[in-house]
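Protein sequence lines, in the order shown, are assigned to chains D and S.
For the first sequence, numbering that gives the first Met the number 0 gives the first residue as 0, with consecutive numbering after it.
For the second sequence, numbering that gives the first Met the number 0 gives the first residue as 0, with consecutive numbering after it.
A couple of the hints might just be wrong.
[Stated by the list, open to error] Subject to a maximum C-alpha distance of 27 Å in a straight line, what follows is the list of computed DSS-like cross-link-like pairs (lysine-lysine):
#1 D:Lys163 to S:Lys177
#2 D:Lys111 to D:Lys335
#3 D:Lys374 to D:Lys299
#4 S:Lys177 to D:Lys241
#5 D:Lys263 to D:Lys380
It is worth saying that the hints were derived from the structure and are not from the lab.
Since the structure is predicted, the reported quantities are computational estimates derived from the model, not experimental observations.
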Amino acid sequence: MSKCSVGLIALSSLFLSGAAIAQEKIKVGVTATLEGTYTVLGEDGMRGHLTALNVLGKKVGDKELEFIVASTDATPDSAVRAVRKLIEQDKVQILLSPLSGDEGIAVKNFAKTHPELTFINAASGAQETTYVDPAPNFFRYNMDGAQWQVGLGRYAYDTKGYRKIATVGEDYSFIYTQVFGLVLEFCGAGGQITNRQWVPLGTKDFASVIAALPDDVDAIYLGLGGADAVNFLNQYQQAGGKAHLMGGSIMIDQTILSSKGNAKNALVGTIAASGQADTWDDPNWQKFVKAYQDAFPPNKRFPSPSLLATNYYGSTMALILAMREVNGDLSNNQAKFKEALAKIEIDAPNGKIKLDANRQAIGTNFVTEVVDDGKGALFSKVVKVMPNVNQTLGYDPAVFAKIGLPSRTVPECKKY
Amino acid sequence: MTRFVERHPARALIVIIAIALALWLIFAVWPPGLEDAIGRKRVFLNAVFNGITLGGLYFLVASGFTLIFGLMRNVNLAHGSLYLFGGYVGYAISASTGSWILSFIIAFILTALVGVLLQVVVFRRMEGQDLRQTMVTIGLSIVFADLMLWACGADFYQIQTPNWLIGPIELPLITAIKSSGEPVYLRYPLVRLVIFAASVVIGVAMWLALNRTRMGMIIRAGVDDRDILAATGVRIQVVFVLVFALGAGLAGIAGVVGGTFQSLSPGEDIRFLLASLVVVIVGGMGSIPGAALGALIIGLAEQLGSVYIPTYAIVVTFLIMVLVLAVRPQGLLARR
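Here chain D stands alone, though its shape is the one from the complex:
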């Protein structure tokens, strides 16, 4: 019943930070959504982070990395508060933050007020964070929400034969970005989006939203996460919903696929796209899954790491490897470290990752389908692997800029 190990580790690392010993320490602040709707996502993110520390170790030459954790609740102000606290009270030099889309935009803007420090995005995936007016000291080693949808629109149109779909999503930047990616590809292929519904983050009662779902569509796309997704599925089942479903990256994820109860069974057969697929046979991925499983007892983790664990693992990995490259040299406003971060190419569990000129990841994307493993556990099975996905999704940058920024109504459903 208790899943508090992460919280305890966070707490104990807070206490231990007071008792620093002789060895020189490099302080790194970490934030995760350990409160609110996205709690489960934050907890698994921290598991990914700790797995990376297990695998790579905390030593950098004769120095040691020290991590201080702060909690947020997916709102931008909570993220800025946590980051400010880490910088001003705990005197961290590097930040591994934040987890969620709106938080990312806020922390990126905040990063500009501290040009001497380095910010490494932990898992947030709003497009605007690195696409519009990027901060020179903000690095993102995971793809954004639109990149994570690459391949889904085509697969739905060509293979599944869906022509008309409707979307339901949480009303904030990350889901806007996800729907952006989906709409561009699906409408580009000739599909139609009849209706886009937006619900506030933290909605509990979806009954009216479910009633308003159109029934003359081939499938319904769900861009929900955490508690919202579970609530939606539960009420969808009670209302007797039977439509074909498509899922966003945090909807079809172990955070939802291993939730309690049987409402999640509505997801079997759902197609989705994400920066990872649970059953990928790549040895590097399998090694990561094994390390994650070994690091925590089965009742304190998911059967397989979630997208958040993978992102936190990747960003922690980039931090440690770049830090080792410069041997912990943070002199001159961390100039060498930043340079190393910008250049580094990491062999992340979910494929090779390198950064573009905006310090935004170019990586691998996966189209998946939810399968039951026969014992009642649900996993995302790889359907298609799409390497080298960049932020402009393969569009010419000038064309891409004309589409506009992801929002409730952008992009329009047409071929760009």
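Using the hints provided, position chain S relative to the given structure of chain D.
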């Protein structure tokens, strides 16, 4: 009723027209022009039903809150914690025994016991000191929230709906006429109807208990004047404990209900505390019919708002509260 019509004929007319319009919207087959203007009837009917059933849940939480306030004049800001505690107990019981009904009974008993403890250990020691009570209950709600986070983790839990309640039923309300002339009836989740029916039964039972029994008479007398009641020889402390137990138990039941058709997670305690505060402010502090009316208004506002003005849905409930505070600060159905 007749007096209201005599005193305010204009207002009464408006109310009657509004009721007639609402009934027409619910029962009539919508003409095509109307469907174009405000969307399909199915969506509207669902939103109305959802609002009413959500109001049922809010009533369960708020009735205990308002009862405790009415009698003892203490604002129990740990009421949300009792809700969440009841929900977790219900989850544990239903997960281990598989019985949904049993989870209600045990959740009621255990939260009632916590309520008794609260009353005896905390409130009795600071009777009549409003500010102190408020501060202590805020503190307690934080402590409870952290204890529950420690025990249950931050995961979200859902109480399994029993099989006979899963799925929708058809209601004899026509939402549309097919081109073949065949009527389409409204399909609605059975579990929400059952829960609403249960909250109506609880509400009516409470009203009867308050208005038709000796105990209810004592409680009503206590609401009016505590000191005189104590002076007549009634053992007022026993009454306090009983009422607190009942109010807390109702919050526990509401927790099971909320865990069944929504979910349980840290933060729900604050959400429901806030909801019950808004409900009793709108309905009138200390009034059971007020809590019912307030819950209905807030539930409907939330659901209709989320369908027709999704962007501003969150503001609507607070707008209603502001409006009530401005026009009738004591609440819609408060006596004083």
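Here is how each hint holds up against the structure:
Among the hinted pairs, D:Lys163 with S:Lys177 is consistent with the structure: their alpha-carbon atoms are about 22 Å apart, no more than 27 Å. Note on D:Lys111 and D:Lys335: the hinted pairing holds, with a Cα-Cα distance of about 18 Å set against a maximum of 27 Å. For the hint linking D:Lys374 to D:Lys299, the alpha-carbon distance of about 19 Å falls within 27 Å, and the restraint holds. Among the hinted pairs, S:Lys177 with D:Lys241 is consistent with the structure: their alpha-carbon atoms are about 20 Å apart, no more than 27 Å.
With a CA separation close to 16 Å, the supplied pair D:Lys263 and D:Lys380 stays within the 27 Å bound.
Of the numbered hints stated above, none is contradicted by the structure.
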